[in-house]
Every structure is written in C-alpha cells, then in structure tokens.
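> Sequence:
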Amino acid sequence: MRSLKMIGALVCAVLVFCSCTQNADSTSDETGSTVSSQTETSGNDVKKSSSAAASDPEKQNEPEKQQAEPVQNDGSCDVEGAGEGIALVSIQTKDTSKDAIKFATEPVAEHVSKSRASWDWSYKVPDVPYYEACTVTVKDADGNTVIDGADADVKVRGNWTTMYDKKPFRIKFNEKQSMLGLNDGAEMKNWLLLGEYKDFSMLRNKAAFDIAEDILGADGYYSSDCEFVEVVINGRYWGVYLLAEQQQINKNRVDITEAEENYEGTDIGYFMEFDGYYVNEEKLQQFYVSYNGNAPLVPYDGKGGSGKTIECLRGGSGDVGITIKSDIYSQEQHDFIANYVNNVYKILYEAAYNDKAFVFDDDYNEITETTEITPREAVEAVIDVQSLVDSYILCEIACDADIYWSSFFMDVDFGEGGNKKLTFEAPWDFDSALGNKNRCASGEGFYAANIVKDVNDQYKTINPWLAVLLKADWYEQLVKERFAKAYDDGVFDRVIEELTTVSQTYEEAFTRNYERWDNIRNNGAANELCAAAKRCKTQMEAAEYLASWLTTRIAFLHEAWK
669 MRSLKMIGAL VCAVLVFCSC TQNADSTSDE TGSTVSSQTE TSGNDVKKSS
719 SAAASDPEKQ NEPEKQQAEP VQNDGSCDVE GAGEGIALVS IQTKDTSKDA
769 IKFATEPVAE HVSKSRASWD WSYKVPDVPY YEACTVTVKD ADGNTVIDGA
819 DADVKVRGNW TTMYDKKPFR IKFNEKQSML GLNDGAEMKN WLLLGEYKDF
869 SMLRNKAAFD IAEDILGADG YYSSDCEFVE VVINGRYWGV YLLAEQQQIN
919 KNRVDITEAE ENYEGTDIGY FMEFDGYYVN EEKLQQFYVS YNGNAPLVPY
969 DGKGGSGKTI ECLRGGSGDV GITIKSDIYS QEQHDFIANY VNNVYKILYE
1019 AAYNDKAFVF DDDYNEITET TEITPREAVE AVIDVQSLVD SYILCEIACD
1069 ADIYWSSFFM DVDFGEGGNK KLTFEAPWDF DSALGNKNRC ASGEGFYAAN
1119 IVKDVNDQYK TINPWLAVLL KADWYEQLVK ERFAKAYDDG VFDRVIEELT
1169 TVSQTYEEAF TRNYERWDNI RNNGAANELC AAAKRCKTQM EAAEYLASWL
1219 TTRIAFLHEA WK
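Under the numbering used here, the first residue of the sequence shown is numbered 669, with each subsequent residue one higher.
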C-alpha cells in the first residue's frame, strides 16, 4: 500500500506540474517579484558577486554544467572566426575568479525552478538570475569597435528559456548606449540578447519583428528592432544571439507618460501584459480581469464559430490576468487601471455581442449605456482600434502556442497629452510560433482568436482581447483590408526572402553556434516541437522549413480574406 501511495503522489505531482506550467517567455522579471521593465535601477533587481551567488556544484542538477575556467582579460575568443562578417558582443566580468562565469550558466527563474522542484524531487533549486558587474565591448560586422569596455550589469533573463543550456541575457549599461544603430540609433541602458535555443532556424523572432515593423511600425506603433550578433563571455564563445530591445516605457520605445518615482496620481501611463504569470507579481503590480463576467465568446474560425462558444476563464491557476509592467506607486493607481481595463473590455463585448454602446464618465471610473453614439463609436472612444487590428494580424500569421497565456502587451496614457485609449503594441516572444510547435503546424486554419489548447494539451481556451471584436462585421472588414494592404505592399514576400538571405549571410556564424551547443541534435526542448521542425538537422534546413510554412500560412490567409 505504501508503494502505491508513493506512486500516486508522484502522478499527482506530475499532473500538477503539467496543468500549471506554461511554456512562455515574457519580459516580466525572472525572479517572480515585481521589477519595472523600464526602470533603470529597480530596487528589486538582484545583484551579488558570483562567489556569493554560486551554489555548491555538487548540489546542482542543471541540464548542462559549464566548466568554470579562468577569466581571459585580453579580449580574445576561444573560437576562430567569431565576429567575422557579423557583429560581436564581448562581455567581460569584473570578477576575475574562475566562478565568475556562473552568472551565465546556473541561474533559473524562480517560479520555473520551483515548478520543476514540485515534481522532480531530485532537482535542487538553483540561484535566481542576478546581475554580474561586467564591461561590454561591441564591434560591428566590419570589425569596427562601436562600444569599448562600457560598464554594465548583465544577468540571465526570461521565464522557461532560463532552463535551457544556452540562456538569454539582459544587459543594463551604466550609461545609455546606441547598439549597432537599432531603433534609429536610440541610446538606451537596457538591451536584450535572445538565445533562440529551441528555434533551430534562429529566425522566428526576427521574422515576427520584421512583419511587426512593416505593419505596426508603419502605422505608428512600437515594436522591437533587432540584429544578429555573436557573443563572447570571458573569452569563451557563447554563440549567435538576437540583439533586441527591452520592452519598456521610453520616448523611443513605448512612448507614454512615465510616472515619476513615488508619484501617486492616476494621470500617468500604464504599460501592461496579458499574463498567466500575473499571480507571481506583487499585488500592486497585478490585477484580475473578469472579462465581462466571463461572458462566452464565439471563436473566430472563418465559419462563424461553427456553433461553438467558450469562456476564457477557468478558475484557479488557469486564469490569465494583467501584470502592470511599468512602475506604479499607489493603491489608487492600481485600482484605477484595474477598473479601467475591466470596463474597456465590457464596452468591447457589449458593442460586439449586444449591439450596445457604453461610455465612461468624465473621471473614467464608471460606464453607462447610451444611445447618443453607435456601438462602434463607443469602441473607438476607448481603444486604438488600428493597433488591435495590426496586432491581431501579426498573431494570426504567427500562430504562437502561448497566445492564450502571455507576452501580449497593451498600454494606455492618462498623462498630459495622452489619448486615454488602450493601445496594443510591443509584440514579443515568437520562438514557439510560426510552425515550430504543433499549433497550426500545417500553416492553415484560423488560430489567434480561435479555441486553442494550452501548451500541455490539458484544456482549451481563447485569448479574449483578440477574439472579442471579431464578432463585429465592421472590425473583421478592417482586418481584411489591413492584411490586403500588407500583402499588396510585398511585406510578406520580403520577410520570406530575408529568411534565405540571413541564413546565407551568417552561415558560418550559425555553424559556429551549433558547434558550440549542438542543440539541433541534442536539444532538451525538442519534445516541444512539431514533427516537421524536429526533422531539421541544420540551420539552413530549419530556415527552409520556416520559409515554406510561412508561405503556406500567408497563402491561406490571403485566400480566406480576399
């Protein structure tokens, strides 16, 4: 009996892990505590010396243990050819001990490691990501030094990607820096290095950002710029990374009013994420959304929903709320934005489903029904409709497995000159998208506002923000018109052609990357991928598969929406 009980306990633990684990990666803080994505020196950032951060190697159980080696301070690299024909980011720890490298090899996001420890009893929870004092040197693709030994703090960032052997990083410079001309040369302190570990092509995030730039960017909304680089840490070659921007409030990024420190008024900008991890945040930085009392939604499947409806809330850990990514300083601010977002969704739902118009009072606290404007006008008064149209098109193309869970951003500006409309921009996290996982793997069918399975195939759900307005004919027509414009402008053809161009341009760098990690053959994330993605044995094969999938996807949508 005792053995049966133990087996039962193990099964329960595994089921708990499967039901609560979501394989998503957002810009929320890796420790599970609230850290503003735009604050340059947040009090919640973890920073300690590598000797204090390192756990006993005998007690670690990471997928791969990097061997601690003496620090090389001469700017050299252990791999010949690194940085030839591609930009090079060299990170040097100020700590010269052999354990200094552990900041890049051992930390795992706290909520992720705790989830694993809940079912893997042999797993020892490692340190949370911490900042290591470094200097950063950047050379462009021609070998010119564009940043020379700038002081910066560097740490592992991300959610589930922190479990991978090749971890992503956040660089926080002491002084603002322009990075390889990204975002028109804007100087910023915060920059990201994305590892693209489970995307064998390493091109999915870049392809999505390129589409976003030509659709959202063309309409005046923010999306991250990016560029491929090779990375060296303490003289050791670390592989190819995608240099990208930190999602944050800033005049060069999400351009809304940033709250001054300790300011408690509600007349500020709010940058937010639709986020299944919201419960891990401090209470002040997260809130629950009722989605109009969990009113049923008709999925967008191109067939009028096929007679189906679905509620987006399940109760408990499966519910998705909102994380406030920007700093706020008062309960009044929290309650104001929570009430606002809940009421905005109600206005959208009532307009699309009940043909009713609701409006805010002058203080944006309460809403009432009115006959003085149309339901469409009521919607246009509270959201930037074009931003949602553009974001939906990108999400529908991408078929991201995490679309129901996280990395879907929105903002509103109640500061001076702000339009007080909920705006959808700053798209993020596409390494599971574009045919990589078994979601819309054929490239056909509607996905982003349809009923979808969670990443563990445990339940079905929907993204309410993407689905709610597609019940309205006028909104669906806007989607069709914007997609047609992008199609006619050659946006998608350019992105598909770029996949081959980038693969050829950086062929030697990609080869060095896979010699370093060998993760096409030996990848702990491979079980997440669809059959076609797993069959790829080289970066070029993976890029060709991505191009083929995207070609099929665009052809399907063009035919469906023409």
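Worth flagging that the hints you see were computed from the coordinates, not collected in a lab.
Predicted model, so just to flag it, every value in this text is computed and none were measured.
From the three backbone atoms N, C-alpha and C, an ideal C-beta is built for every residue, glycine too.
There could be a bad hint or two in this list.
Unchecked claim - Simulated restraints on C-beta separations:
# : residue 1 : residue 2 : range
1 : Gly933    : Gly749    : 52 to 60 Å
2 : Ser1216   : Ala1049   : 41 to 49 Å
3 : Glu1209   : Ala886    : 28 to 36 Å
4 : Glu1183   : Lys919    : 35 to 43 Å
> Under the constraints set out in the numbered hints, which ones does this structure not fulfil?
none
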